[in-house]
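Each chain, letter by letter, is given below.
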Amino acid sequence: GENVEQHPSTLSVQEGDSAVIKCTYSDSASNYFPWYKQELGKRPQLIIDIRSNVGEKKDQRIAVTLNKTAKHFSLHITETQPEDSAVYFCAPNTGTASKLTFGTGTRLQVTL
Amino acid sequence: DTAVSQTPKYLVTQMGNDKSIKCEQNLGHDTMYWYKQDSKKFLKIMFSYNNKELIINETVPNRFSPKSPDKAHLNLHINSLELGDSAVYFCASSRLGLGDTQYFGPGTRLTVL
Chain A
22 GENVEQHPST LSVQEGDSAV IKCTYSDSAS NYFPWYKQEL GKRPQLIIDI
72 RSNVGEKKDQ RIAVTLNKTA KHFSLHITET QPEDSAVYFC APNTGTASKL
122 TFGTGTRLQV TL
Chain B
3 DTAVSQTPKY LVTQMGNDKS IKCEQNLGHD TMYWYKQDSK KFLKIMFSYN
53 NKELIINETV PNRFSPKSPD KAHLNLHINS LELGDSAVYF CASSRLGLGD
103 TQYFGPGTRL TVL
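Residue numbers (the working numbering), protein chains in the order written: chain A, 22 to 133; chain B, 3 to 115.
Rather than coming from a laboratory, the hints here were simulated on the basis of the structure. Idealized CB from N, CA, C, for every residue including glycine. One thing to keep in mind: the hints can contain errors.
Taking lysine to aspartate or glutamate and the DMTMM-like style, the derived pairs with C-alpha atoms no more than 20 Å apart in a straight line are [claimed, not checked]:
#1 B:Lys43 / A:Glu104
#2 B:Lys54 / B:Asp32
#3 B:Lys38 / A:Glu26
#4 A:Lys78 / B:Asp102
Taking beta-carbon pairs under 8 Å as the criterion, some of the chain B residues facing chain A (in silico) [to be verified]:
#5 Val14
#6 Lys43
#7 Phe44
#8 Gly86
#9 Ala89
#10 Phe92
#11 Gln104
#12 Pro108
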């Protein structure tokens with residue numbers, strides 16, 4: 022099965038700063054790389070995803086970069102705002118395997 | 003319109019009881035899932051069904067039994083509840099399976115006393 026690690030486990034930044042969360046995976050056949058955001062007491066929701074045929078994808082203040090050779094992908098949030106405070110999960114997978122592993126989560130705290 | 007719904011939202015029960023959680027999606031998706039999120043926020047997949055067929059069955063106690071009467075519904079029945087079953091249980095669905103966006107329900111907070 023897929024071994025998935027996320028770093029850091031907690032991250033505190035000041036409003037306006039950038040935040041980067043890294044997800045490392047083990048299965049070289051992985052081809053779908055999503056990031057989910059879970060606000061306190063809410064459900065996880067997809068915020069951005071990337072497939073293995075591209076190296077980077079951007080959506081306003083958030084971006085995801087993929088390094089397939091090194092088997093990691095990262096979530097980048099620029100100009101952070103208090104509403105970015107949440108737990109972020111990665112979930113790399115092959116799309117066809119019978120297993121799906123979520124990362125252990127990164128708690129991002131954006132302070133004023 | 004609610005895309006993925008779960009009932010109940012909260013469930014408080016005694017050890018040893020049997021309980022069920024219901025999930026419905028109106029997105030027309032083929033694949034549905036059950037996840038368990040513990041107090042440390044780890045999100046772990048338990049089961050997945052594709053068009054009423056079981057495709058993921060992680061190592062969970064056989065006290066947990068999923069049932070999919072049709073592709074829009076995936077229910078979770080838990081027998082002989084234990085203290086360690088206390089968690090938030092999320093239902094989710096996706097259009098094409100694992101390699102596609104997962105849409106989560108609001109969660110059911112189960113507390114076993």
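Should the interface hint for B:Phe92 be scored as holding, given a Cβ-Cβ cut-off of 8 Å against chain A?
6 Å, holds
Let me know if the C-beta of B:Lys43 comes in closer than 8 Å to any C-beta of chain A, holds or violated.
5 Å, holds
Could you grab the alpha-carbon distance between A:Lys78 and B:Asp102 and see if it respects the 20 Å cut-off?
Holds. A:Lys78 to B:Asp102 sits at ~16 Å (cutoff 20 Å).
Hey, B:Lys43 versus A:Glu104, does the alpha-carbon distance stay inside 20 Å?
19 Å, holds
Have a go at the B:Phe44 hint: is there a Cβ in chain A nearer than 8 Å to its own Cβ?
Hint on B:Phe44: holds, closest Cβ of chain A at ~6 Å, below 8 Å.
Satisfaction of the B:Val14 interface hint, Cβ to chain A closer than 8 Å:
Hint on B:Val14: violated, closest Cβ of chain A at ~17 Å, above 8 Å.
Need the status of pair B:Lys38, A:Glu26: alpha-carbon distance at most 20 Å?
18 Å, holds
Please verify that hint: B:Gly86, Cβ, nearest Cβ of chain A, below 8 Å or not.
19 Å, violated
Could you check if B:Ala89 really has its C-beta closer than 8 Å to a C-beta on chain A?
14 Å, violated
A closest beta-carbon separation below 8 Å is what the hint needs, so does B:Pro108 meet it against chain A?
Holds. Min distance 6 Å.
Restraint check for B:Lys54 with B:Asp32, where alpha carbons must lie at most 20 Å apart
8 Å, holds
Answer holds if the nearest beta-carbon of chain A is closer than 8 Å to that of B:Gln104; otherwise answer violated.
Since chain A brings a Cβ to about 7 Å from B:Gln104, closer than 8 Å, the hint holds.
This entry does not satisfy hints 5, 8 and 9, going by the numbered hints stated previously.
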